[in-house]
Every structure is written in structure tokens, then in C-alpha cells.
Amino acid sequence: MTGWAWAVLILFGTLLFAAFGDLVSEEVRGWLDLAPRAILRLAAAQLDPELQESTYHGEWLPELVYVLRGAESRPITRLIRGTTFAIGLLLAARRIARYRAVNEVRYVEQQRLRLIVRLRDGRQVKIMGPWLAPGKTVRLFHSDGNTDDLLDLVAESGYDPQGCKLIEIGPVDSSPLQPPETVITYLVGKSETRVMPNPAG
Amino acid sequence: MEQLELTPKMAAVIKVFLEDPQQPRYGFELMGLTKQPSGTLYPILAKLEHAGWLVGGKEDIDPHAEGRPPRRVYRIVGAAVAPASTQLAALSEQYRPPVPILPRLAPNGSSR
Numbered sequence: 001m002t003g004w005a006w007a008v009l010i011l012f013g014t015l016l017f018a019a020f021g022d023l024v025s026e027e028v029r030g031w032l033d034l035a036p037r038a039i040l041r042l043a044a045a046q047l048d049p050e051l052q053e054s055t056y057h058g059e060w061l062p063e064l065v066y067v068l069r070g071a072e073s074r075p076i077t078r079l080i081r082g083t084t085f086a087i088g089l090l091l092a093a094r095r096i097a098r099y100r101a102v103n104e105v106r107y108v109e110q111q112r113l114r115l116i117v118r119l120r121d122g123r124q125v126k127i128m129g130p131w132l133a134p135g136k137t138v139r140l141f142h143s144d145g146n147t148d149d150l151l152d153l154v155a156e157s158g159y160d161p162q163g164c165k166l167i168e169i170g171p172v173d174s175s176p177l178q179p180p181e182t183v184i185t186y187l188v189g190k191s192e193t194r195v196m197p198n199p200a201g
Numbered sequence: 001m002e003q004l005e006l007t008p009k010m011a012a013v014i015k016v017f018l019e020d021p022q023q024p025r026y027g028f029e030l031m032g033l034t035k036q037p038s039g040t041l042y043p044i045l046a047k048l049e050h051a052g053w054l055v056g057g058k059e060d061i062d063p064h065a066e067g068r069p070p071r072r073v074y075r076i077v078g079a080a081v082a083p084a085s086t087q088l089a090a091l092s093e094q095y096r097p098p099v100p101i102l103p104r105l106a107p108n109g110s111s112r
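Those protein sequence lines, which keep their order, are chains A and B.
Numbering follows this note's numbering, in which position 75 of the first sequence is assigned residue number 75; successive positions increment by one, without gaps.
Numbering follows this note's numbering, in which position 45 of the second sequence is assigned residue number 45; successive positions increment by one, without gaps.
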């Protein structure tokens, strides 16, 4: 075999080895992420089926994904952080379930509540979440502070309160007529809609 | 809202919420701020939520844009701020070092 042939062979072998090394590294990295998830699934198995949706899918798993992404470039750090996080929940699952069993009923009821405001420009503002509850008053502000604009935007009968008392529209600095703890404030803008919880609410 | 007797570990969690009652907090964030492991922190959050001191919700993100599911957020309810502050003050008083009775035992006391 000539020197050229050897050189080509060695080069090809090196490339193949490097590619294989990357594949193995990627494979191991994938398996490392599966370990904390497997432990977390064991923890979830200790919960009642109805709690698994809100507690495992709604809290533990998103938090684990966040934990693992935070240490994205360091697989060993990810493994340690993720596993520690999951083992803690595995050990505490029954205690958490004891308190959550009652919370779950409230949480599901609150999640069902939804307020849809249809604006004159055709947009729909969907407000939902645990801060929305029967008896609460929702106040809306326009992001540029122009109340008249917002009054013009909200169609007269274009909202579906689903348990909420009424919609108040006012300038940001006006004091609400309702007790503060019963009021939720939303900022309605061209590009964003966000909740502005009240200090006492 | 239920009455709760705060333990020192629960107090550490509540203290973070009281620093900015408007600020939503995440479980993993609280683990870092209170130096408590998940096995301690999450039962405390569940207990505080069960008692009505905290309210849970969902993080306001677009899961597709962020590439991850929304996390659960917790906020302290307005009605819990006053009792929580009172109990924190009581705990602080409970763990305050006693005032030295004898002047000679005081750190800067003169032994005449």
C-alpha cells in the first residue's frame, strides 16, 4: 500500500472515529436526561391519577425541563441538578399529595374560569387563570393610558364574564369602587395583555 | 385563609414572598433563594397553598417560542401579608440572642 493510501485511510478512520465519538456523546447525553425524568415519573406514580395532571405535568415536569435547560451545556451538572431535584420530590410526593388533594379541587375550578373580551377592532382578549374568580371585578386599561380609546374598543355586550361580576374601565391611577382584594387589573395593549395584580389582591 | 404556625423553614419561604408581594415565584427559584432542597420546599409550598396563604398559577409564556412548558408560579395572597409579617417578627424575636444580664459578660463590657 502506498503512502497516499495510508494517509487517506488514516484520515478517513479519524473522521469516522470523531463522528462516532460525537454520536456516543449525544447518546449518553440523552440517557443522562432520562434518569431524572424516570425518577420524577416514579414520584408521580405515588400521586392519585387526578393529581398527576396538575402536579406532575403542571408543575414538576415543566420545572425539571427548566432545570435541565439552565445547565444546557454541562451534562454532568444537568444530571446532578435534575436527579437531586427529582429525588427530593420522590421522597416528598406523599406529603405533597396530602395537601394537594384539597387544592386540586380549587385549582381546577379556578382554571375553568375565563373571561373573553371582544374589542371593536376584532381582537379577542382572553383572560384566564387562578386570579379570576366569581365575584371578582376586572378592570381594564389601555397600555398607552388612553381610557377613551379603550372605551371605544370594548364592544358593549362583547364580554363573557363566566362568574365575574363586571368589567370596570378606568385610568390606571383611579381607585376602584370595589374592595381591593376583589379586583384584578389587566393592561390591554396593541401587542400585549398582562395582569397587574393589586397590592392587596 | 387558615391560621398557620410558621416553622423556621416555612418562614424562610414566606420571607421571600414578603420581599416583593407582587412578584410571582417559581419552585426552583425558591430552592435557590432559601437553600432548601425540593423535598423540603415543595411540601411547604403545597401546605401554604392549602392554607390559602399562596395562590398558584401558570407562567405567562408562549411554550412554542420558549421551547418549554410553562412553569407553575406562586404568589402570596394579600390577606396573608399581615399575619405572615407578624409571625416572622415573632420568630425573629424568638431567635434573638438574649441581652447579657451581667455587664462583665457583654462583648464590650468592662469587668470592674
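By construction, these hints were calculated from the structure, which means they are not laboratory data.
Just to be clear, a hint being listed does not mean it is correct.
[Said to hold, decoys possible] Derived, one-sided and incomplete: chain A residues facing chain B with beta-carbon distance under 7 Å: (1) 59; (2) 74; (3) 85; (4) 91; (5) 96; (6) 99; (7) 100.
From the three backbone atoms N, C-alpha and C, an ideal C-beta is built for every residue, glycine too.
Exercise for review: If any of the earlier hints don't hold here, list their numbers in rising order.
Suggested key: 2
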